[in-house]
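Novice: Here is how the chains run, residue by residue.
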Amino acid sequence: MNGVGTIGKELKDHFYLIFRLSLYETKSQYSMQYLGWFWEIMTPLLQIGVYWVVFGFGIRGGNPVDGIPFVFWLVSGLIAWFFIGSTIPSGSRSIYGRVALVSKMHFPLSTIPAYVILAQFYRHLAMIVLTIILGMAFGYFPGWHTLELLYIVPAGVIFLYAVSLLLSALATMIRDVQNMVTSAIRMLMYLTPIMWIPPDHSLFKTLLMINPLVYLIEGYRSALIGTGYLLDHVWYGVYFWTITSVLLIVGAAVHLRFRRYFIDYV
Amino acid sequence: MSHVVFENVSKRYVLYARPIDKLKEVLFGKVSGKPFYALKNVSFSVEQGEIVGVVGINGSGKSTLSHLLANVTPPTYGRVTLGGKSALIAISSGLNNQLTGRDNIELKGLMMGLTKKQIQAITPDILEFADIGDFIDQPVKTYSSGMRARLGFAISININPDILIIDEALSVGDQTFTEKCLDKMREFRDQGKTIFFVSHSLNQVKSFCTKILWLEYGEVRMFGPTAETMAEYNKYLYWYKQLTKKQATHYVTKKRTGRSDEIERSTRGETIELSS
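Chains as they are written, first to last, in this note's numbering: chain C, 1 to 266; chain U, 1 to 276.
Hints are computed from structural coordinates only; laboratory data are not their basis.
Note that the coordinates shown come from a computational prediction; the quantities given were computed from them, not determined experimentally.
Relax, there's no trap hidden among the hints.
Taking lysine to aspartate or glutamate pairs in the EDC-like style, the calculated list, with each CA pair at most 20 angstroms apart, reads:
| hint | chain 1 | residue 1 | chain 2 | residue 2 |
| --- | --- | --- | --- | --- |
| 1 | U | 22 | C | 264 |
| 2 | C | 27 | U | 137 |
| 3 | U | 211 | U | 183 |
| 4 | U | 85 | U | 47 |
| 5 | U | 22 | C | 176 |
| 6 | U | 211 | U | 7 |
| 7 | C | 27 | U | 106 |
| 8 | U | 184 | U | 168 |
| 9 | U | 117 | C | 13 |
| 10 | U | 24 | C | 264 |
| 11 | U | 235 | U | 219 |
| 12 | U | 241 | U | 216 |
Every beta carbon over 10 angstroms from chain U, so not counted as near; a handful from chain C, in silico:
| hint | residue |
| --- | --- |
| 13 | 150 |
| 14 | 199 |
| 15 | 202 |
| 16 | 234 |
| 17 | 245 |
Glycine included, C-beta positions come from ideal geometry on N, C-alpha and C.
When you get a sec, could you build the whole thing from the sequences and use the hints?
Specialist: Printed below as a string of structure tokens:
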């Protein structure tokens, strides 16, 4: 528990540092390309297009989901996944790739996963806005449910930080963790009902919900479309926060225990 | 007043036969590889304002020593006490190749723990010292190795460290830049800062340093005033050169074996950085 407090204080004290470093992170990512920001938007758009054709028309025959146009339903879950699916691998790689650059023992290493996540977050925010605009095109206007974003977006960020804190410590010491993360993310993309609707089978649905990402995806849909999922699944929310707390406590403990030695593993 | 103190400092690296041994160590904390002491029971203390040359043949532990001084890595055993902020200048000065020189100044400053204002204040001095003209707004990957070294050097000295460690960094610059650096270091010395100068250029060491720390296979062979230590070191180099191949191999093997012997385990290693 104490560990979480230490990490929290480090993040709070170095807020400006995290902010500036996240800007440089995005800057160095795109300095090589002429159309950096264009690709930020173009890559997801192409992906959405492909999933729309394959899952929307190919598999569902163009049918809406509970009356919601498929493409809007797809995009509102998929933008959450784009954020999760790019943050977890880069978050777990974050410390290993940068600890040599930092090269000072008193540098607060816990800020590294934070600024790497923040660097991805800007694009995510832009995508949320674009999704709201897409919804309006289909006649889904922002309402009270939109305020749920103020809950689900921070929930997602905290969850991703907890996961990244743990994985970045492990991946620095054991390189195989990175490979594990990459294949796990690939599988989770299909194991999470992002592009398909789980059949009405209660046991199957319950098993799916073991994966806390389902809460985030459905939470985004609840906020962007107004499905009411978050208010209908309060106990699932308790489960989600329990998992997040455990990850945060374990992640903080592992990080603090081993960070002195990270530099020796690089 | 002693500015830098090493008390029985050892740095152990473990040579793993198989990767699984490393995993075991992470999980159970049990050392299951072959220990290798990059530094072994190193003790010395340096007064403020001293310029210490660190000499020794390849693999004697000079770089490990500079990492400990720069507070980059913790000692395994023993205690390192630093009387202030330290900065390391090495050839690969940790610049981000994708970003411009100007961005790197801020980035490096932030990582060294400076505030926005402090960074803004020192930027003109860095630009002046590095003297790389319009390239400052170009990505660092387009720089020549000399420009890179100059920028790295300029950043590190302008963050105003109390202890400066220079690890072979001057060997890439040209004569004028080396002179400029040496001038700056003299200025530092006069301000009462401590400098560690790791170099293979014995002439520079001789003309510049007040004391010499001679390392041999991870242990302090000699530590004293420049003239005496240099004389001994030169004698050693001469002696080493005239050994026959067989004798040399024998000598090196003997020293190396001694190096993986377990040392007496003193206190868990720690680095203490006193605020100045």
